Amino acid sequence: MDARSLFFRGRRRAPRRRPELPLEGFPPNLAHETAFYGAAIPELAQKNLSALVLATTGEELDDLEQTLTDLGDVAGHRHDTRRGLLRWQGVGGWTAPADLDDGGREGYLVTDTSLTDVAVIPVRAPLRNDYGVAASSFDFGIIPFFRVSNPAPGYATYTTLTLKGVFKRITNGSAALGAQVGDAFEVSIPAKDAASALSRAWVRGPRLDLAKSAGADAVNDAAANLALTLSARVTTAGDKATLWEVYLGLPRREAY
Amino acid sequence: MSSITAIPDSYLEPLRGLSAAEKKVLFLDNDEGIRDLIYGSRAIEEAAPPHDHAENGGEVLAYHILSVSFPRRKLEDGTGTAALGIPLGTPQTGETFDSSNGGTSKLVASAPLFLPGGTRNLYVFALISWDGNSGGLDFPGLAGILSPYAWTNYKEEDSPSYDLEVWSSEGTISTGAAVVAAARLAWTANQLDRLGDPALDRELELRLFQNFDAPSGAARRLLGLFAVAGASPATRAADQNRDKPRAELQPVDILGSTGALTPSVTSTIRRQMNQHAAAALGLAPGVASNGESVDRRRTFRQIIERGHQHQGILVPEDDGSFSCDGAVIRRALVAQCFPRNLGENTSHVVDGDAYRGIRLHPSGGATLDGKYLTLRYRVPIPRGLGSLVLRFAAYAGTSDQRTAMTARAKLSLISGGSSIVTGMRTPRRSSHAVDASGFHYVEVSPLPNDAYPRPERGWTQAAKLQAAEAPEGVDLTWAYQISEPVEILLTHPAVKSTDDPHPTGDYELALRFDLLRQDAGVYDEAARLNWLLVVPGRGW
Numbered sequence: 001m002d003a004r005s006l007f008f009r010g011r012r013r014a015p016r017r018r019p020e021l022p023l024e025g026f027p028p029n030l031a032h033e034t035a036f037y038g039a040a041i042p043e044l045a046q047k048n049l050s051a052l053v054l055a056t057t058g059e060e061l062d063d064l065e066q067t068l069t070d071l072g073d074v075a076g077h078r079h080d081t082r083r084g085l086l087r088w089q090g091v092g093g094w095t096a097p098a099d100l101d102d103g104g105r106e107g108y109l110v111t112d113t114s115l116t117d118v119a120v121i122p123v124r125a126p127l128r129n130d131y132g133v134a135a136s137s138f139d140f141g142i143i144p145f146f147r148v149s150n151p152a153p154g155y156a157t158y159t160t161l162t163l164k165g166v167f168k169r170i171t172n173g174s175a176a177l178g179a180q181v182g183d184a185f186e187v188s189i190p191a192k193d194a195a196s197a198l199s200r201a202w203v204r205g206p207r208l209d210l211a212k213s214a215g216a217d218a219v220n221d222a223a224a225n226l227a228l229t230l231s232a233r234v235t236t237a238g239d240k241a242t243l244w245e246v247y248l249g250l251p252r253r254e255a256y
Numbered sequence: 257m258s259s260i261t262a263i264p265d266s267y268l269e270p271l272r273g274l275s276a277a278e279k280k281v282l283f284l285d286n287d288e289g290i291r292d293l294i295y296g297s298r299a300i301e302e303a304a305p306p307h308d309h310a311e312n313g314g315e316v317l318a319y320h321i322l323s324v325s326f327p328r329r330k331l332e333d334g335t336g337t338a339a340l341g342i343p344l345g346t347p348q349t350g351e352t353f354d355s356s357n358g359g360t361s362k363l364v365a366s367a368p369l370f371l372p373g374g375t376r377n378l379y380v381f382a383l384i385s386w387d388g389n390s391g392g393l394d395f396p397g398l399a400g401i402l403s404p405y406a407w408t409n410y411k412e413e414d415s416p417s418y419d420l421e422v423w424s425s426e427g428t429i430s431t432g433a434a435v436v437a438a439a440r441l442a443w444t445a446n447q448l449d450r451l452g453d454p455a456l457d458r459e460l461e462l463r464l465f466q467n468f469d470a471p472s473g474a475a476r477r478l479l480g481l482f483a484v485a486g487a488s489p490a491t492r493a494a495d496q497n498r499d500k501p502r503a504e505l506q507p508v509d510i511l512g513s514t515g516a517l518t519p520s521v522t523s524t525i526r527r528q529m530n531q532h533a534a535a536a537l538g539l540a541p542g543v544a545s546n547g548e549s550v551d552r553r554r555t556f557r558q559i560i561e562r563g564h565q566h567q568g569i570l571v572p573e574d575d576g577s578f579s580c581d582g583a584v585i586r587r588a589l590v591a592q593c594f595p596r597n598l599g600e601n602t603s604h605v606v607d608g609d610a611y612r613g614i615r616l617h618p619s620g621g622a623t624l625d626g627k628y629l630t631l632r633y634r635v636p637i638p639r640g641l642g643s644l645v646l647r648f649a650a651y652a653g654t655s656d657q658r659t660a661m662t663a664r665a666k667l668s669l670i671s672g673g674s675s676i677v678t679g680m681r682t683p684r685r686s687s688h689a690v691d692a693s694g695f696h697y698v699e700v701s702p703l704p705n706d707a708y709p710r711p712e713r714g715w716t717q718a719a720k721l722q723a724a725e726a727p728e729g730v731d732l733t734w735a736y737q738i739s740e741p742v743e744i745l746l747t748h749p750a751v752k753s754t755d756d757p758h759p760t761g762d763y764e765l766a767l768r769f770d771l772l773r774q775d776a777g778v779y780d781e782a783a784r785l786n787w788l789l790v791v792p793g794r795g796w
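Heads up: the sequence lines are chains A and B, in that order.
If you count by the numbering used here, then the first sequence holds residues 1 to 256, one letter each, in order.
If you count by the numbering used here, then the second sequence holds residues 257 to 796, one letter each, in order.
Think of the hints as simulated: they come from the structure by calculation, not from any bench.
In this text the structure is predicted, and so the values were computed from the model without any measurement.
Cβ atoms here follow ideal geometry from the backbone N, Cα and C, with glycine treated the same way.
Please note: incorrect hints may appear among the correct ones.
[Stated by the list, open to error] Computed from the model, here is a short list of chain B residues facing chain A with C-beta under 7 Å: (1) His320; (2) Ser323; (3) Ser325; (4) Leu340; (5) Leu383; (6) Trp407; (7) Phe482; (8) Leu669; (9) Val690; (10) Arg710; (11) Trp734; (12) Val778.
[Claimed, not checked] Chain B is faced by these chain A residues, among others (derived, beta-carbon under 8 Å): (13) Gly92; (14) Thr95; (15) Tyr108; (16) Leu115; (17) Asp117; (18) Pro122; (19) Val123; (20) Phe145; (21) Thr171; (22) Phe185; (23) Ile189; (24) Ser199; (25) Trp202; (26) Val203; (27) Pro206; (28) Asp209.
[Claimed, not checked] In silico negatives: residues of chain B with every beta carbon more than 10 Å from chain A: (29) Gly341; (30) Asp387; (31) Asp762.
For reference, chain A alone in the conformation it holds in the complex (with noise of 0.2 Å):
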């Protein structure tokens, strides 16, 4: 039995399955991967590799088309890691409803004094890789931006804008939030760090290192579930200061 008879006697590969969205308009499926990673095998021999290259005709070559296709997602595997975007994606956050472009109307004005709870944000926070190994040990954390600005015409410009945080473990139905998980941060925005009132400022908070207080059970998870929340201040009476919106990041990884 030569390899071309084993490949094709009785049995014509089945046409893959192309992923479909249920409605129409969309654009193929990209979140799948081909399983030949998993297939290669070490074992290499070379003298196999002639029975491989073989010349073809006929119908044998219908489906060829989509193989070199396939073959090219193993090359996409295969890739050139300049640009590798690990950890692109951010994890979670908050934005503020809207933005009528009319003075400022929307956002969120804050004006006390004292910390007051703006938002609870879910976020899925990994903290653990693949192979059990502590989160700190791979880098992860988390990495909070926030949007902000002045107010809207006819208000001060404010002093200093004080965001807080705390990560706390989302459990499941029967009682409060868990623990907190990781360290608290603080963040202080002089004014001058914030953009005019019609247009928003990005601010790079702290880098927080999730799994540092993590507890024992953190290392357990691919990744856990947890519940951010977010409260603001202003340093000075009667001050008020925009808060736009929140995104957590993950540190990543640039071009290599």
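Following the hints, complete the assembly by docking chain B onto the known chain A.
Below, chain B without anything else, positioned relative to chain A:
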């Protein structure tokens, strides 16, 4: 016997066909045949959810599916600032939200869910604050309905045929101090499988109903919604993760001329096929960066030592060559809902007030006077991404017969610069037009759903079920419509030769919508946005 010839990566280009001569070069459709012979034909999408690997061998990031926070905000009437979250209120005297007691449950919030292929079960957490002073907060008390868009409806009890997708939250919170609690709603594989093929990406709508009556004076509020896949991807030890067959996949029976082969023969064949598989990708030469010529210093398959993501997308370089970005995991970039105006100024929330969304524009005149609802989101855009897909739910207040809903989008680096949007298109329309504010725009049609069976009439109350057609006792006053998908095209591929491909980076996505009453020539000031979803579209 032919010689080895490289298969250029440029075959990844979606629209490029292969010539007959090219097809004859190599016999490489062994790929799938080998896989089937060795490992069976189990759908790989189910076995391998999208994931990425860290440099030291691998990690799986289990991203959330939905993360929505209902923060403090201004009241729509401008009279003040609402408390944190949205109220889980009490009904008017004589009314009840308890559907098991003859009442009408209240729609609290709805949100889009983008379930990546491979998602077999789902947990939704409702974060609830409670002052602890008004008795225990008993669950069940919230019910969730998960359904395709076409099934969208306004009332829990309007969906009797979808009962299989309705679950109540678990657990009971005893009386105590003020807390933030998490009520969980769970959908299992059997239940989710009814809503489409789990191997494929799915879009569903989550609607959360309050079907309990909070005691008078109780300060219970919904702070956020959070959805995650129920099961984490399988954990594999480092030494099991590389260059070995997947343990859970079994060889299929290989039939010879006299029947099934013996295990020893099967084993021999499998071993040979393994060798072939490695050879096919491990010894075949690689491709030079121009995507055309052979680079024998590289192999088509290489062991990965460095960090990477599944799956890669080929990206054209400035000089016309190709490299693989490998960056796009398809998960929602934006998923937000707008449960505004939920009766903040009264504890007696009646059903009709339950859910109205946020106004698209305050103007009902012939111009918008520059007063749009502008939604801005920070989103990560990798270089290899060719488009975003937008979908939204909106309410049209007008009953006009001719309306036009326009979606507008701009996408610029956080650090500044021009928009990288090159056009927008829907299944019916395509446009490269840009408005005076630099937004690309396209007219968008609604999909039909249970409440709006006449989508051909557009975004209008005229498309909705008439009162005489509605089920008895059903109030569809604020029922909304859901859009067809809108593709926001980015700078890959370039429209003009002078277009630069966009760099990888954090971008600000700005969105606007407007609803024009075409006959009257004025905008619909009652139009409201209920939720929106943005997911990565195609790779380049």
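Evaluation of the provided hints:
no., hint, in the structure
1, His320, "holds (4 Å)"
2, Ser323, "holds (4 Å)"
3, Ser325, "holds (4 Å)"
4, Leu340, "holds (5 Å)"
5, Leu383, "holds (6 Å)"
6, Trp407, "violated (11 Å)"
7, Phe482, "holds (3 Å)"
8, Leu669, "violated (11 Å)"
9, Val690, "violated (18 Å)"
10, Arg710, "violated (18 Å)"
11, Trp734, "violated (18 Å)"
12, Val778, "violated (18 Å)"
13, Gly92, "holds (4 Å)"
14, Thr95, "holds (6 Å)"
15, Tyr108, "holds (6 Å)"
16, Leu115, "violated (13 Å)"
17, Asp117, "holds (5 Å)"
18, Pro122, "holds (3 Å)"
19, Val123, "holds (7 Å)"
20, Phe145, "holds (7 Å)"
21, Thr171, "holds (6 Å)"
22, Phe185, "violated (17 Å)"
23, Ile189, "violated (17 Å)"
24, Ser199, "violated (11 Å)"
25, Trp202, "holds (6 Å)"
26, Val203, "violated (12 Å)"
27, Pro206, "violated (18 Å)"
28, Asp209, "violated (16 Å)"
29, Gly341, "violated (8 Å)"
30, Asp387, "holds (12 Å)"
31, Asp762, "violated (8 Å)"
When held up to the earlier numbered hints, the structure conflicts with 6, 8, 9, 10, 11, 12, 16, 22, 23, 24, 26, 27, 28, 29 and 31 and fits the remainder.
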